[in-house]
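Peer 1: Residue-level listing of the chains:
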Amino acid sequence: MPANGQRALAAQSALATVPRVPGASKPDPILVASSIVRRFGGLSAVDVAHVEVQRGSITALIGPNGAGKTTFFNLLTGFDAPDEGAWSFNGRSMGRLSPYRVARLGMVRTFQLTKALNRLRVIDNMLLGAKGQRGERLWASIFPFLWRGQEAKNTERADVLLKRFSLDAKRGDFAGSLSGGQRKLLEMARALMSEPELIMLDEPMAGVNPALTQSLLQHIKMIREEGSTVLFVEHDMDMVHDISDWVIVMAQGKIIAEGPPGDVMKNPEVIDAYLGSRHEKALTESGESLTTGENK
Amino acid sequence: MDFSFVLGQSITQALGVTAIIYCLAAMGLNLQFGYTGLLNFGQVAFAAIGAYSIGVIVISFGASLWAAIPIGLVASVALALVLGIPTLRLRADYLAIVTIATSEIIRLMVRSIALRDTFGGANGINGKMGQAFHDLNPFHADIDLPFLTWTRQDLWVVTVGWSLIAIFTLATWLLVRSPWGRVVKGIREDENAVVSLGKNAYVYKMQALILGGLLGTVGGIVWAVAKQSVQPDNFVPDVTFFSYTILLLGGAARVFGPIVGAIIFWFLLVFVGEFLNQMIAAGWITFLLPTDIGPIRFILVGLGLMGLMIFRPQGMFGDKRELALDAR
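Order-wise, the sequence lines are chains A and B. With our numbering, letter number 224 in the first sequence gets 224, and the count goes up by one each step, no holes. With our numbering, letter number 304 in the second sequence gets 304, and the count goes up by one each step, no holes.
The following block holds chain A by itself, in its conformation from the complex (with noise of 0.2 angstroms):
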């Protein structure tokens, strides 16, 4: 594993003194949400008494299967509707605002069941992600002199994104003939072109071999080194333990601890909600249970 950065450094002193409790407040919180509730009929899916996401972390959303953690990303993106609750971001209250809007505003999401465009080249799933384009308005469109030095400007940034993300050699190819791990990145990459304060992975390592997954870790880690928050949902401990600065767990919809990796994986009400209450093996490396569950 190469060095962490600066930021990475700065994110782990400045949250170095946070109470190791649910709900903990942040020094500088980019996201604080408040009694979050999402009911699906009788069933409390999302119930988030308080979270706060530290600026310039890269937070994980850990928890067991149908701890919520897919329903709190959509909740707080504006893809679904809390029953109760309000959120702010950077300070902004995002309540009821459309998934739309909350991306422009610098929270940009991806999903679990990829979404590359299938019958779209790479290079212009790359360039959907620009922001602020002035050919998308329906008129200016068909006046390409009004358009085209944006275009080539955002050309240029998606290209240098590709290469980083090792899929230049894709860039006129159809995404859907790109494996399941080059769409992750490809995805990765094209939330990214947003330049997002705050990008937020919904399992970014679901389905991806091994050798890819090590690149994936070092493209969050590079997210961070860039300023950008990282929030990222995942079951793979191992993972987990490896680039995060911070640990939020989930289970049935709550959250039940917080802190740095290392102790809350050690942390026994957090083993339990894994791996039921009789269980002593820590959750890393050392005790292989949990890697062998649902994502190999």
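Watch out, some of these pointers could steer you wrong.
Stretch-level coverage of chain B by chain A, calculated; a stretch enters the list once three of its residues show a Cβ under 8 angstroms from a Cβ in chain A [said to hold, decoys possible]:
| id | stretch |
| --- | --- |
| 1 | 167-178 |
| 2 | 184-194 |
| 3 | 200-208 |
Listed below are the simulated DMTMM-like cross-link pairs for lysine to aspartate or glutamate, each with C-alpha atoms no more than 20 angstroms apart in a straight line [what the hints assert, rightly or not]:
| id | chain 1 | residue 1 | chain 2 | residue 2 |
| --- | --- | --- | --- | --- |
| 4 | A | Lys170 | B | Glu189 |
| 5 | A | Lys131 | A | Asp83 |
| 6 | A | Lys254 | A | Asp80 |
| 7 | B | Lys128 | B | Asp93 |
| 8 | A | Lys254 | A | Asp272 |
| 9 | A | Lys163 | A | Asp124 |
| 10 | A | Lys131 | B | Glu191 |
| 11 | B | Lys227 | B | Asp142 |
| 12 | A | Lys170 | B | Glu191 |
| 13 | A | Lys254 | A | Asp124 |
| 14 | A | Lys131 | B | Asp190 |
| 15 | B | Lys227 | B | Asp135 |
Hints are computed from structural coordinates only; laboratory data are not their basis. All residues carry an ideal CB built from backbone N, CA and C; glycine is no exception.
Based on these hints, arrange chain B on the given structure of chain A.
Peer 2: What follows is chain B alone, placed relative to chain A:
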């Protein structure tokens, strides 16, 4: 048997007024379905709005054709808004259901007895509604080439019609290769992905619905002006489905797809019909009556289209690699 007559008729029709009308309708569907993924099964409603705007305003109200055309276009936008506002936030199938129902509602409304004074009931509206257009006709004689026979009036309509198609094709080409086109194609592939990148998919879908509807309406206007008559039973759902056939025949999401599709479709339909007609007249076919030809030509053309879909599913112009991605 007069084979050159069969061929001449087929070519004349393949380039004629009807082909132009269907081509315009299919161009609208290309924007909506081919590029944006919207299932509009009521394209004929937009054509009916155009045709009836001309008929009602010129004949029933006695106003000018040049006033009727913009009013028809405005009515078309209004129809698209009425159809789109409730359905475009929902899954794609809702638009399909609402549009096909609306197209029948419009047809049944204009043929109703209660509104006969305005829409003419089952007889429709007949009269010189396109006169103002035909007064501008620069052609002085009919055209009678070996394989092409048009009256002076038809020649004028065909000239303007294909010119309009050329302009709209150029506009479509500019649209779909622009960033706007990239967004709508993205919506076709996965709406949520596009939304997650900060694009208001709803607005783009509405724009595509309106633009596609306008093309259908222009088709309806051409219909009224060329045929000087609008009848409710011209505007049955079949028109929509023939337009889809034309679109798929030429290749969806291809700028020239509707043009090629319309020409081939009408050529085949007329060719098969006329050919059978001649065979019966010559006594070569004895088991069919001339009245059977109507349905039989559709059966034969239908079989041909099935063959095309099986052996060349991407249409004449499509890219087979693109289609293969769907199977994943």
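Peer 1: Could you tell me which of the numbered hints above are not met by this structure, giving the numbers in increasing order?
Peer 2: Numbers 5, 7, 12, 13 - these are the hints that the structure violates, sorted from lowest upward.
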